[in-house]
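Enquirer: Using the sequences provided together with the hints, build the complete structure.
Now for the letters of each chain:
Protein chains: 2
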Amino acid sequence: MTDSRPTRSTARRTPVSSTTSAEPDGETAIDYGVLGESVGFLLKRAQMAVFADFIATFAAADIRPAQFSVLVIVGRNPGLKQSQVSAALSIKRTNFVPLLDSLEDRGLVKRKMAAMDRRSHALHLTPKGAALLKELSLLWEQHEQRIQDKLGGDGRTQLLTLLTGLEGFGGAAGLDEADLVELPPPTAKPRGRRAAKPAAKSAAEPA
Amino acid sequence: MTDSRPTRSTARRTPVSSTTSAEPDGETAIDYGVLGESVGFLLKRAQMAVFADFIATFAAADIRPAQFSVLVIVGRNPGLKQSQVSAALSIKRTNFVPLLDSLEDRGLVKRKMAAMDRRSHALHLTPKGAALLKELSLLWEQHEQRIQDKLGGDGRTQLLTLLTGLEGFGGAAGLDEADLVELPPPTAKPRGRRAAKPAAKSAAEPA
DNA sequence: TATTGTTATACTCTATAACTATA
DNA sequence: TATAGTTATAGAGTATAACAATA
Numbered sequence: 001m002t003d004s005r006p007t008r009s010t011a012r013r014t015p016v017s018s019t020t021s022a023e024p025d026g027e028t029a030i031d032y033g034v035l036g037e038s039v040g041f042l043l044k045r046a047q048m049a050v051f052a053d054f055i056a057t058f059a060a061a062d063i064r065p066a067q068f069s070v071l072v073i074v075g076r077n078p079g080l081k082q083s084q085v086s087a088a089l090s091i092k093r094t095n096f097v098p099l100l101d102s103l104e105d106r107g108l109v110k111r112k113m114a115a116m117d118r119r120s121h122a123l124h125l126t127p128k129g130a131a132l133l134k135e136l137s138l139l140w141e142q143h144e145q146r147i148q149d150k151l152g153g154d155g156r157t158q159l160l161t162l163l164t165g166l167e168g169f170g171g172a173a174g175l176d177e178a179d180l181v182e183l184p185p186p187t188a189k190p191r192g193r194r195a196a197k198p199a200a201k202s203a204a205e206p207a
Numbered sequence: 001m002t003d004s005r006p007t008r009s010t011a012r013r014t015p016v017s018s019t020t021s022a023e024p025d026g027e028t029a030i031d032y033g034v035l036g037e038s039v040g041f042l043l044k045r046a047q048m049a050v051f052a053d054f055i056a057t058f059a060a061a062d063i064r065p066a067q068f069s070v071l072v073i074v075g076r077n078p079g080l081k082q083s084q085v086s087a088a089l090s091i092k093r094t095n096f097v098p099l100l101d102s103l104e105d106r107g108l109v110k111r112k113m114a115a116m117d118r119r120s121h122a123l124h125l126t127p128k129g130a131a132l133l134k135e136l137s138l139l140w141e142q143h144e145q146r147i148q149d150k151l152g153g154d155g156r157t158q159l160l161t162l163l164t165g166l167e168g169f170g171g172a173a174g175l176d177e178a179d180l181v182e183l184p185p186p187t188a189k190p191r192g193r194r195a196a197k198p199a200a201k202s203a204a205e206p207a
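So the protein lines, in turn, are chains A and B.
This note's numbering puts the first residue of the first sequence at 1, with every later residue one more than the last.
This note's numbering puts the first residue of the second sequence at 1, with every later residue one more than the last.
In short, the hints are calculated from the structure, not lab data.
Virtual Cβ for every residue (Gly too), placed ideally from N, Cα, C.
It cannot be assumed that every hint is accurate.
Stated by the list, open to error - Label pairs and their computed distance ranges (CB to CB):
#, chain 1, residue 1, chain 2, residue 2, range
1, A, 94, B, 171, 31 to 37 Å
2, B, 92, A, 59, 20 to 26 Å
3, B, 78, A, 106, 48 to 54 Å
4, B, 105, A, 105, 40 to 46 Å
5, A, 107, B, 97, 40 to 46 Å
6, B, 94, A, 171, 30 to 36 Å
7, A, 65, B, 92, 17 to 23 Å
8, B, 118, A, 135, 54 to 60 Å
9, A, 112, B, 105, 40 to 46 Å
10, A, 168, B, 92, 50 to 56 Å
11, A, 79, B, 65, 35 to 41 Å
What the hints assert, rightly or not - Not everything, but these chain B residues come out facing chain A in the computed CB check (under 7 Å):
#, residue
12, 33
13, 53
14, 134
15, 138
16, 139
17, 163
Unchecked claim - Straight-line alpha carbon distances no greater than 20 Å define the calculated SDA-like cross-link-like pairs of lysine to any residue that follow:
#, chain 1, residue 1, chain 2, residue 2
18, A, 134, B, 84
19, B, 81, B, 98
20, A, 81, B, 33
21, B, 81, A, 115
22, A, 134, A, 33
23, A, 134, B, 34
24, B, 134, A, 31
25, A, 81, B, 31
26, B, 112, B, 62
27, A, 92, B, 51
28, B, 81, A, 31
29, B, 92, A, 51
30, A, 81, A, 33
31, A, 81, A, 101
32, A, 110, A, 127
33, A, 81, A, 115
34, B, 134, A, 33
35, B, 81, A, 29
36, A, 81, B, 28
37, A, 128, B, 33
38, B, 92, A, 52
39, B, 134, A, 36
40, A, 134, B, 51
Expert: The structure is reproduced here in structure tokens:
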């Protein structure tokens with residue numbers, strides 16, 4: 001103990017509650033206490049909200065977030081072993097099997113037996129998988145655009161940087177043995193639209 | 001809003017682009033493609049990492065994140081109905097029952113029958129629950145402190161603000177009917193005292 | 001009829017042990 | 001013996017339907 005006391009005013013924020021400002025009727029606003037300053041609590045909420053939008057966006061393609069991440073990794077790094085891809089995504093290799101099955105059964109990914117080590121399977125996208133990934137990229141842009149509409153261009157970029165800064169925190173849960181995988185920092189180049197420009201682009205339209 | 005620049009001091013990794021030698025051995029770094037700029041992907045990773053630290057920190061008290069959140073809400077808002085607490089935490093009331101049971105069985109929370117509406121249960125902390133919550137607050141500070149050690153004080157505050165800014169995004173998944181609950185913004189006052197404290201790292205170990 | 005809490009149930013995600021076939 | 005992929009299984013977390021008591 002006895003350590004830096006870095007300015008985190010545990011202090012309650014401004015006495016919110018009271019006769020509310022955000023409640024339509026006479027309801028008293030709920031006091032969230034420290035939860036409003038809890039990184040984990042807010043991360044969980046934000047993650048669920050963003051995933052909800054992701055899932056809705058990709059529903060037409062019948063692709064879940066985890067499936068999309070596999071397609072991206074395999075597409076960008078053809079020939080990786082299963083264990084490498086699963087470790088890169090912090091997915092246990094046991095749970096990775098049915099996930100990969102779902103993609104291979106749909107003809108999007110192919111397991112190829114490696115010649116040098118016949119235990120391992122090298123992963124590649126099929127032409128169909130590559131074509132789908134290309135379409136999914138458009139959906140992905142729409143999805144991220146909606147986030148940017150909500151946070152602003154700078155806000156989204158800051159968020160990406162901060163989240164990347166949490167890499168390696170908490171002992172890297174979800175990984176297999178001790179396969180730590182690093183993620184390169186986000187290129188601060190503004191993708192898609194420019195900064196906080198509310199370019200009405202929220203029209204979710206399946207490709 | 002003064003400086004809206006990322007200004008991350010995390011600049012230490014090599015600008016790996018694909019086939020560079022950022023790996024200790026001859027391993028080729030994995031190209032994450034758009035995942036490195038995917039808010040959802042990075043949110044998920046960060047949430048898992050932060051929860052891992054939270055769980056380890058609160059393991060001695062045998063308290064999970066969801067249980068902690070219930071104790072905080074009930075402690076701050078005694079007398080709320082079950083449905084109000086569950087809605088505030090985006091937990092379906094059906095799933096809230098066993099969660100509450102676990103706290104009531106341990107004598108931390110008490111269901112009291114409301115007089116005006118005998119269908120509902122008003123929730124209160126027991127003295128034991130209030131005492132535990134007080135101890136948990138210390139663990140919570142240690143936990144958040146470690147996050148701050150990783151991100152810097154400003155970084156953590158920015159993160160809280162950005163995450164709060166995603167409130168209401170994605171249609172609010174996880175809620176019961178249409179009970180939207182708002183969360184007040186964090187103490188966004190730009191008290192830019194000191195940034196990060198590089199010296200004191202790993203202030204505390206999970207008890 | 002609508003709401004509150006509840007039970008039962010199912011589906012997803014995650015975690016551990018053990019098996020096989022290679023090395 | 002160790003590793004890559006697999007199977008089986010168990011545990012959380014989350015989803016819907018339906019019921020009893022109450023409004």
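Enquirer: With a cut-off of 20 Å on the C-alpha distance, tell me whether residue 81/A and residue 31/B pass.
Expert: OK: residue 81/A and residue 31/B at ~14 Å, within 20 Å.
Enquirer: Given the hinted pair residue 134/A and residue 51/B, is their alpha-carbon gap at most 20 Å?
Expert: Not OK: residue 134/A and residue 51/B at ~34 Å, beyond 20 Å, violated.
Enquirer: At the C-beta level, are residue 94/B and residue 171/A separated by a distance inside 30 to 36 Å?
Expert: This hint holds: roughly 33 Å between Cβ atoms.
Enquirer: When you take the CB atoms of residue 118/B and residue 135/A, is the distance between them in 54 to 60 Å?
Expert: holds (56 Å)
Enquirer: Could you grab the alpha-carbon distance between residue 81/A and residue 33/B and see if it respects the 20 Å cut-off?
Expert: holds (18 Å)
Enquirer: Hinted pair, alpha-carbon criterion (20 Å max): residue 81/A, residue 28/B. Please report holds or violated.
Expert: Within the cut-off at roughly 13 Å; holds.
Enquirer: For a C-alpha distance cap of 20 Å, please report whether residue 92/B and residue 51/A respect it.
Expert: Holds. Residue 92/B to residue 51/A sits at ~18 Å (cutoff 20 Å).
Enquirer: Quick check on a hinted range of 40 to 46 Å for residue 105/B and residue 105/A, using CB atoms only.
Expert: The hinted range 40 to 46 Å holds for residue 105/B and residue 105/A, with Cβ atoms some 44 Å apart.
Enquirer: Within a Cα-Cα threshold of 20 Å, do residue 81/B and residue 115/A meet the stated pairing?
Expert: It is violated: about 63 Å lies between the C-alpha atoms, which goes past 20 Å.
Enquirer: Hinted pair, alpha-carbon criterion (20 Å max): residue 134/B, residue 33/A. Please report holds or violated.
Expert: holds (12 Å)
Enquirer: Could one say that the CB atoms of residue 112/A and residue 105/B fall in the range 40 to 46 Å?
Expert: violated (53 Å)
Enquirer: Are the Cα atoms of residue 110/A and residue 127/A separated by 20 Å or less?
Expert: Holds - the C-alpha atoms of residue 127/A and residue 110/A are around 10 Å apart, at most 20 Å.
In terms of the numbered hints stated before, the structure departs from hints 9, 10, 14, 15, 16, 18, 21, 22, 26, 30 and 40, listed from lowest to highest.
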